[in-house]
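S.K.: Now for the letters of each chain:
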Amino acid sequence: MLEDEKQLIEKACGGEPEAFGLLYDHYLPKIYRFVLLKVGQREEAEDLTHQAFLRAWEHIPRYNDQGFPFSSWLYRIAKNIIIDHYRAFDKRKRDVDLEDVMEQLIDTESVTAEKNLDLKFDMEHLMKAIEHLKDTEQDVIIMRFVEDLPHEEVATHIGKSVGATKLIQHRALKNLKSILSSNR
Amino acid sequence: MKQDLIHKLKELQEIKPSNEFAAVSKLIILSGESAENLSWKVSLAQKLGHLKRLSPRTHFSAVSREFILNRQVARPTTLSQIFKKSFNYGLALGVTVVFMALITSVGYLGFLSPIPTDIYGKNLTDASDAIKDIDIHLQEAEYFAATDSTASLALREASTTSLIDNTSPTVIERESHRTDFKDPRNMNIDKLLNQATL
Chain F
527 MLEDEKQLIE KACGGEPEAF GLLYDHYLPK IYRFVLLKVG QREEAEDLTH
577 QAFLRAWEHI PRYNDQGFPF SSWLYRIAKN IIIDHYRAFD KRKRDVDLED
627 VMEQLIDTES VTAEKNLDLK FDMEHLMKAI EHLKDTEQDV IIMRFVEDLP
677 HEEVATHIGK SVGATKLIQH RALKNLKSIL SSNR
Chain P
24 MKQDLIHKLK ELQEIKPSNE FAAVSKLIIL SGESAENLSW KVSLAQKLGH
74 LKRLSPRTHF SAVSREFILN RQVARPTTLS QIFKKSFNYG LALGVTVVFM
124 ALITSVGYLG FLSPIPTDIY GKNLTDASDA IKDIDIHLQE AEYFAATDST
174 ASLALREAST TSLIDNTSPT VIERESHRTD FKDPRNMNID KLLNQATL
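Listed in order, the protein sequences are those of chains F and P.
Just so we're on the same page, the working numbering is the position in the first sequence counted from 1, plus 526.
Just so we're on the same page, the working numbering is the position in the second sequence counted from 1, plus 23.
You may find that some hints are simply not true.
Cut-off 27 Å, straight-line C-alpha distance, at most; resulting in silico cross-link-like pairs (DSS-like, lysine-lysine) [to be verified]:
(1) P:LYS70 to F:LYS654
(2) P:LYS64 to F:LYS660
(3) F:LYS654 to F:LYS556
Since the hints were derived computationally from the structure, they do not count as laboratory data.
When you get a sec, could you build the whole thing from the sequences and use the hints?
M.R.: As structure tokens, then:
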């Protein structure tokens, strides 16, 4: 969470682009990752992320702080954008094509090229496996293990109880393990 | 020498287990899951953590940011716009409230004393009074019309016939034949005629 986030939100609600700009800078990587891991295509992820922030900027005067993190509002917008995207254009999810983003995943501190290759291979498999999970399971896996959000916050984002979120996480990990094992 | 030894021994306090070992060990102890399963989960969590490195391209974020923030979104920014907006809302609300109050009060009055009975009842009374007045006036007009015709007839007779003719015994006799004196209905006429002739 940003420092003085509440004030920034209030200013953004009043139409101050600078305040929204700071919120954009802070939340862009999280929302982008969330979208990318769900759609599996970099260009598509960029388009949808852009649309999500545009919609957020247009609707921020109507934002009502109900005690939930601001990010949950952004995640919800992003999620709706993804749903609308697939529904409106009757698109099917394409296979994960992350060749150009893999470079970001390579550990630059790693000494051997072999180790980097292994990592790249693992990541590609992992991302394809995530694609096969159910929507809510994907959300939980991304938020819990990629974004390191606590159970409580994940529960808020997906609109479920903490207990239900833990159960979904358990099921998601089990499914992920089974997908990864069958792919090998 | 002794103090050096104590100092070196205290440095041993800095020895700590690796974070990874501590996390796995703690999870195994607390969860009761099999060590193999848990180590797999930890390894998966670590791999997923690598995905945090994914980030949007700098060019994309710069262009997208600029486009979004330069986009004009309709918002009441100036005081006059805010006032105008709130005035419009206030006006609409006021009209609605007045309209609702009107409907409610009419309905309430109607509930207390039904409109049709009251208004129509009063009107019906007034109308019947007016009809009575009209009847009276018509009766009077009829009466005056009859009186006028009688008077004009009498005047014409008076002008065409002489007074002597009217009082002559032959006329009186002829009239007496035409009048039934035994009829009680003519008693007043008889009296009047007697008064006139005497």
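S.K.: Taken at face value, is the distance from the CA of LYS660 (chain F) to the CA of LYS64 (chain P) at most 27 Å?
M.R.: Holds, at about 19 Å.
S.K.: Is LYS654 (chain F) close enough to LYS556 (chain F), meaning Cα to Cα at most 27 Å?
M.R.: Holds. LYS654 (chain F) to LYS556 (chain F) sits at ~19 Å (cutoff 27 Å).
S.K.: Taken at face value, is the distance from the CA of LYS654 (chain F) to the CA of LYS70 (chain P) at most 27 Å?
M.R.: Holds - the C-alpha atoms of LYS654 (chain F) and LYS70 (chain P) are around 13 Å apart, at most 27 Å.
When the structure is compared with the earlier hints, no violation turns up for any of them.
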